[in-house]
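Asker: Residue-level listing of the chains:
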Amino acid sequence: MTALAQLLGVSRGYGGDDNRVEAVRHVNLAVALGEIVGVVGLSGAGKSTLGRLLLGLERPDTGRVLFDGVDLAAVGHRELRTIKRQFQLILQDPFTSLHPSLRVASIIGEPLIVQHMRRLERSAAVHASLERVGLTPVSDYASRFPHELSGGQRQRVAVARALVARPRLVVADEPTSMLDASLRSGILELLSVLRADVGTAIVFITHDLASARCLCDRVVVVSDGRLVADSTPDDLVSNPPNQLVADLVAASEHLIPIQPSQHDQETIP
Amino acid sequence: MTSHPTNVNRRRRDLSPTARVLGGIGVALLGLVIAAAVFAPRLTPYSPRERSGLPYLRPGGSHLLGTNDIGQDLFSQLLHGARVSLTVAAISAAIAVVLGLAVAVLAGYRRGRAESALMGIVDITLAFPFLVLVVVLSTFLGRSVAAMVLVLSSVLWARPARVFRSQVLKVIEYGHMTTAQAMGVSPIRIVGVHLLPRLVPIAVAQIVRVANIAVLIEAALAFLGLGDVGRISWGGMLYFANTHNAVLTDAWLWWIVPPGLALTVTIVGLALLGYAIEEWADPRLVTGAGPVIGRRASARRLASPEVTVTSDTRALVLTDLSVVYRSPHGDVPAVSDVDLDVATGRIVGLVGESGSGKSTLALALLGLHRPPARVVSGQGSIAGHAVALTRRATVEPLRGRAVGFVPQNAMSSLNPAYRVLRQVIEAAEVSGLDDASGRAAEMLERVQIPPARWSAFPHELSGGMRQRVAIAAALVNRPSLLVADEPTSGLDVTTQLTILELLADLNRSLGLGVLLISHDLPMLARVADEIAVMYAGRIVEHGPTRLIIDNPSHPYTRGLLQSFPPLRGPRELRGIPGDPPDLRALPVGCSFAPRCAFVHDRCHTARPELAVVTDNRRVACVLSDAVPELSR
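Chains as they are written, first to last, in our numbering: chain A, 7 to 275; chain B, -9 to 622.
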């Protein structure tokens, strides 16, 4: 497999000299077209920065970010925008990630405006994608504003926008973590529909190993800005290569009762 | 994540009654002034410059407000003066706000050097002594109306620029800006579609505010003799009245008071309108809905006459709780006929999707519900104290003492200005018992916060740590019951696990009854002794955790269990089809019927009651015996 998007020895930090935080350290990662890669880690591990680097929203301090072999830091603003038309980003918070004063149809159609598609084709495409993500009857949902939708429906709109754009790279940054747990499967299913329909590469960022396992072909585990594991999800679950992965597996063990640590027993006065 | 049915329209902008009244008065006052300016030629019999009568005529007769020292009609001057004053104010306000907007957008969008240069200019402009700058500028630029507008807008743009800038920085962080940038949307479109529309409400408020200042400065400049003497304005009238010694006679009564009043009316009108617009632009100003945790509980003690002690030792007994949301279209049922007990030392998990009523239940249970929510029925006992939930007064004295509450988003409802130890001490003082700080320290230790962090501010702690502080504050008075609403949402899985371990530990070691509310059934199942499943405001299944997990009876419970991505075994994804129920239009019969795979004719006719089936298990499904065994 040839790499579509690639991080080569990438580091990225924030803050001044005295309080510098290295969010990403010397990361090498390649994502192929049509591949779904899970990026799993705890809060603050550097997962989101990694996604933003892949999309050219951040520039690396050192190392190179390539898309289709082109170094994103080496091209001009205009050219970078042209490359970005092949990208889509799906964010965690469905309450801020959709423009509050645009109707659903306009939100989904925005990437097509950027791609200069004509109005008629555009509305047909928007219609088809709403149908695909199950927001039917389409005419009802198309004219709604985001605040008239539930959180789950809003994330469906975000996926519909990604569908319609026919991107080559999608970064989905915790798309399910603010939704009801019971809606996770639905959104994960839609992401696999997205891959099947468009053949895009998807980078799926999550802290939930179980979700990553059900969606991804490959999972990398990030800790403190470094990649600490890179394998198939089932391999990670059955043979955790290090303590961090083992902890992640333990935390994702659904339904299994926890044994509370036996502290000093105390009776209520 | 739970949203109440009333939240559907939360962006609809309703003004508070105060704002509506004040805004209305403002509009009326301004309307009066504007009408006077527009119809000035028709309302006045004389031209303002015409010597239409004798000097110093008293008001009355053909000269409503009398005449000045050269016999010009003052009523006519007053009305015509409004034209100049208002025009200058409106145009300079518009220019200043547009300029401020442009600078803010440019600075916010082009970060880096351009930003520091632009904001530097803003700061310098703001730092100059205001009136001195105006006087100097108008001396240089001359006295025409255009010059006046130029002077005013060049000093007034900087403050709106500051206000807009902070808003720009906020909007830039919004998700829809990032997604647009990620997909290569052009800067023009980003500014025009994603940024500017979100600044409009603030811009309107700023225009009113700046116009207000502009009216005053224009009058002040004219009064100082820096205005256009050939043009009649309110400030000009005051200038001539002053220089021609109106104050030495009683002519000031009709020469100085009317323009002064006109100015006052305009300024008050603009200020009132501005108040209403600002509230409209920022809906958060409508109600002071503060966080629950920071509120001081009432000083009533457990011994207050509202509290009756029963012999029931269960941590919670809840019978027949029903809560509705009042709406113009009738009452919307949020919680219906709920019976639920929590035995001492047990953890009961209450699971449901957004809008299922689980958070409403918790709030009603604690008497913390707010309008439009209303408790229709419900009684029971908390730690042996009888409560009637239709009367908040019966629950209030128990809050923070017999029952502790960790509200949704407790992490972010800690007071950012106080160190965590102080917040726990404050909670400890509610009980009226001695040694609040000692008990607070003990509880912080118990939730495993190292003493080194006790003096930290909430923002210096991780999400998991903050959640521990919230739990410590809820438990510091050693309640028998803890109600925790989504205590793990917003935390990563590993931190979730540590919080669950803490709750299980506290439950054991303190003999605490816990009502644990969450949308995450697999997570609940890790600590709960019993699970109650809520759907559309009703409990549809309730029983021992093991039974519910291994052999769910209600199709909804079954769907919930299957809808979680499994960590092992086949990689199947099966969501529950359909949307969560619309409480405003629940179907006749079973609320879950439209989404149910086992739906039956009977489901559409009668609502199944929650009935005990086997093994202490309650199920509300007509097919509770007929649902095939779930093979896991």
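Bear in mind the hints are in silico, worked out from the structure with no lab data behind them.
Heads up, some of the hints might be wrong.
A partial selection of chain B residues facing chain A, derived with a Cβ cut-off under 7 Å [said to hold, decoys possible]:
| hint | residue |
| --- | --- |
| 1 | Gly165 |
| 2 | Ser421 |
| 3 | Leu487 |
Predicted model, so just to flag it, every value in this text is computed and none were measured.
Note that the Cβ used here is the ideal one computed from N, Cα and C, for glycine as well.
Asker: Run every hint past the structure and note whether it holds.
Answerer: To see whether the hints hold, each was checked on the structure:
no.: 1; hint: Gly165; verdict: 3 Å, holds
no.: 2; hint: Ser421; verdict: 13 Å, violated
no.: 3; hint: Leu487; verdict: 4 Å, holds
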